[in-house]
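In case you want the letters, here they are:
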Amino acid sequence: MIENLQAALELVFTVDVLTAIFFSCLFGLFTGAMPGVSATVAVALLVPVTFFMSPVAALASIATAVAIAIFAGDLPGGLLRIPGTPASAAYADEAYAMTRKGEGERALTISLVCSVIGGLVGVLALSLSAPMLADFALEFRYHEYFWLAAIGLTTAGFVCGDNPVKGLVSVCIGLMLSTVGFDMISGVPRFTFGYFPLLEGIHFIPVMIGVFAVAEVIRNLVQPTSTYLVEVPEKRTGFRDVAGTVYRYKGKAATGSVLGVIIGALPGAGSDMASWVSYAIGKRFSKTPEKFGTGHPEGIVAATSSNNAATCSTWIPSLVFGIPGDSVTAIVIGVLFLKGLQPGPTVFLEDAPLVYSIFVAFLVANLLLIPVGLVAIKAARQILRIPTRTLMPLILVFCIVGSFAINNSMMGVSIILVSGVAAFFMQENGFPVAPAILGMVMGRLLEENFIQAMIVADGDWLAFFERPIAATLGAITIAFWLSPLAVALIARARARRVARANGGAT
Amino acid sequence: MKPLNRFNRRGVLAVAGSVFMAGALMLGSANAHAAWPERPITLIVPWGAGGGTDQVARALAASMEANLGQPVNVVNRTGGSGVIGHAALAAAAPDGYTIGTINVDLSQLVCKGVTDLTYEKFTQIALLNSAPAGLIVNAESPFNSASELLDAIKAEPANTFKASGTGAGGIWHLAFAGWLYKEGVDPNKVPWVPSQGEAPSLKDAAAGAVDVVTPPLSSGLQLIQAGKLKALATMGESRFSQLPEVPTLEEATGTDWQVSTWRMIGAPAGLSDEMRDNLVAAVKAAFDSESFTAFMQERGFSKNWKGPEEARAFHQGEDENICVVMKAAGMVN
Amino acid sequence: MRVNDAVSGVLIMLLSAVLFANTFTFPAVPGVQYGAAVFPRAVLAVMFGAGAWLTVKGLMTVKAAGWIQIDAWARRPGSWIMFALIVAGMLFYILAADAIGFVPVSGIIIFVLLLAARGRTHLLSSAILALSFPLLLYYVFVNALRVPLPAGWLGGVL
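Chains as they are written, first to last, in my numbering: chain A, 1 to 506; chain B, 1001 to 1333; chain C, 2001 to 2158.
For reference, chain A alone in the conformation it holds in the complex:
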């Protein structure tokens, strides 16, 4: 471990990697702060540029951009009440309420400090648990991977949006997209409809750029929202005051970070969910729950430490099993493949210094967040004056270039057009799009491990529950599948009881 860490330090502290980290930091700050450009979009736009970097620089750039963008998402959340990134949505109202009281800077500085705390806890969890888990995961076979992918897709489908059935449809669309092209098992072309370029399959990075960035460009240009910066005279905020506030709610910061780590480590759940859950739990166990929503820093502390912790820990399932925790790590897995690296337990044996350099990059990014964040808070009002509608046409052209660069063909541009328009209408109708991306990334993994499992076990279905880990994972998955049914049944039983009680009364 020590020698790996040392090798990693040597890999990260080179001129080109540090330059990449520096520019990604500025990029993450700017994109995260722009309403409508979420952390996912930021990473999707960064990918075409990372093609041309060394693996360490590429992964360090992504890690930095995400860590910074998740914090930067708080800036418009606090000042405009428009979260820059969905992970900031849980407490945007709270921070905005503080801004209206003239405590905007205080809210953002508290948020910065807690983001760094959460981020550091996340880095620690990632770097300690991932190698241990990888050692354990070396024993995993096809059946275990099948169940892990199934759990990831189930969570992704159920937690995004309010209608699990629509999430399920989205997952299915993603899975079907992953089947286009040559089938690995028998080598036959599928769903190409005689169109030659489709034989290689649909590259998921253009789909991702389309679904997240192009759809967002369409939405911002078609449904412009007018935003107002609150011009309330700012009260001066001393560092002592901020430190005091954070210290007062240190318990919230701790539980928020730990919750963030745990939720992030689940396959299929990421920082968005972490911040909502931590905010809700923070409120539930607060001594003064009635103050939540009125510009009270307690909820911000819990939620913002949580989403930054989750940003790091979502890399755990991605690196250890190759199963992404959220849409950002789905892109990361794509980048790993592009760099010829196979995410999974063996990457810890074969490319350990590289894995450790990701940990170091996260650490550097979180430390860098302190000075960069302080400057950003001062400059936030200026950044937010750049109108979104000026930016959107430029982002559209950038999307075109990025999708073209994937394999230098117009195919990528056609894919972002189709997927962007489709995603726009899907979201208009309440179909979440992130599950489709996760479905697309995990589709091959799910299918291959299923088929491989069947071949290895000579078609024995019981083999899916034969080994203890597979049996446990399988039971968890099936419990997940049945949970909406159980919830519906309980609700119906309760409604019947209420009806009966009412009936008895009349």
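Hints in this document: simulated from the structure, not taken from any laboratory.
All C-beta atoms, glycine included, are put in the ideal place defined by N, C-alpha and C.
A hint or two may mislead.
Heads up, incomplete: computed chain B residues facing chain A, CB under 10 Å, no partners named [to be verified]:
1. Ile1041
2. Asp1054
3. Asn1076
4. Ile1084
5. Ala1226
6. Lys1228
Given the coordinates of chain A, work out where chains B and C should sit on it, guided by the hints.
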């Protein structure tokens, strides 16, 4: 409204400044060259950016560039299992400014009748590397030699053992099925578990999910050294330098059976001899460079140089040999 | 613009049925036990079921919610013109960029979209952005990152 205008003006100035800089830089680099190469060279890679072949091509291009003083642009032309990129290379003008990588996969596609791009459609410049198939098992496997494994396969009923290494019909599947065929065993007796490639199959072997895998020993080196896997043999003509104690298949079983993957640099057919010599010299210089050597070592790729005539003869031989193996393994009619 | 779930549900069922029918065209490979069609058929069956569920649930709300809900933005013709311009811009790029070149085509896209989004008051800044941004991208991607963006008409100049 005011701050908005101020931003725009400042932004426009910044952008205009960088565009001016860009123009100045471009003018600066446009020096005239009299001899070859007087303009950038295109290197076509029929596979996606970041894959093994792409990495080798990019490392080679970087070294060539440093020597030639002209850019060598790697262009990924993917599609149709490599047919599209190889076809683009064969169809390019034979003027010495378009070269590309050629892989063993092309010989397989020719044999399947998917394409007619035989060795005759190219001017071979040089073979860069080749890697022979291996015979690798889990570290706790009861088998300690290739012959023990073979005896067990012969003795036990069908479906007892499972093998993996690549997708169905891939080169390492060929290596395994062809070997069994040559030993008089029905290849279908050991079902092939298709996988995404070498790395996933090695992982599966380390987890004990399959009984034997056939990627090159160089690909499995780290897992072998970490004590997770055990190498039984290499299907090359000589032993693998970094694991000298592992015998070749012929030494282990007495059966002469060799299957390798390989990468070469080629140009379209009809290239003038002068241009060919220019390219051979440029590729050779890059091949011998320190940075390329270091890169190949770091990624675990072997380096084997074959000059133009040798490479052409090799390519011709592969077009024939691969097809014999594929027919033997029942993968083509 | 939100159509009733019954409409989406029927569309989903149709799509999965068509794709399911398509799986029967996959050639059978001898010796392969679990073929190419196994997984897609399983997914499509689930998708069909989800579509059916949405249809049934949607039909129950038709009386209350109607077949379609049109939001404020969708009532403004300007929104749809903007939408058409974005799609047309990308189509224009796909069809014309190889012949005309990256810089002019993306310049036109940026200029038109900026004008449409911000009105004629920002004519000058729109024109400057439309000229400079494509040149900057072209320089970065072609020279630094080696992406062969189509040069087109400006091939000799750039």
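Consistency of the hints with the structure:
Against a cut-off of 10 Å between C-beta atoms, the interface hint on Ile1041/B is violated, since the closest Cβ of chain A lies about 16 Å away. The interface hint given for Asp1054/B holds, since its Cβ lies 8 Å from the closest Cβ of chain A, which is under the 10 Å cut-off. Checking Asn1076/B against chain A by beta carbon gives a least distance of about 5 Å; that is within 10 Å, so the hint holds. For the restraint placing Ile1084/B at the interface with chain A, the shortest Cβ-Cβ distance is roughly 8 Å, inside the 10 Å limit, so the hint holds.
Because the closest C-beta pair between Ala1226/B and chain A is about 5 Å apart, less than 10 Å, the hint holds. Contact between Lys1228/B and chain A, as hinted, is supported at the beta carbon level, the nearest pair being about 7 Å apart and thus within 10 Å.
Violation of the numbered hints given earlier is confined to hint 1; every other hint is satisfied by the structure.
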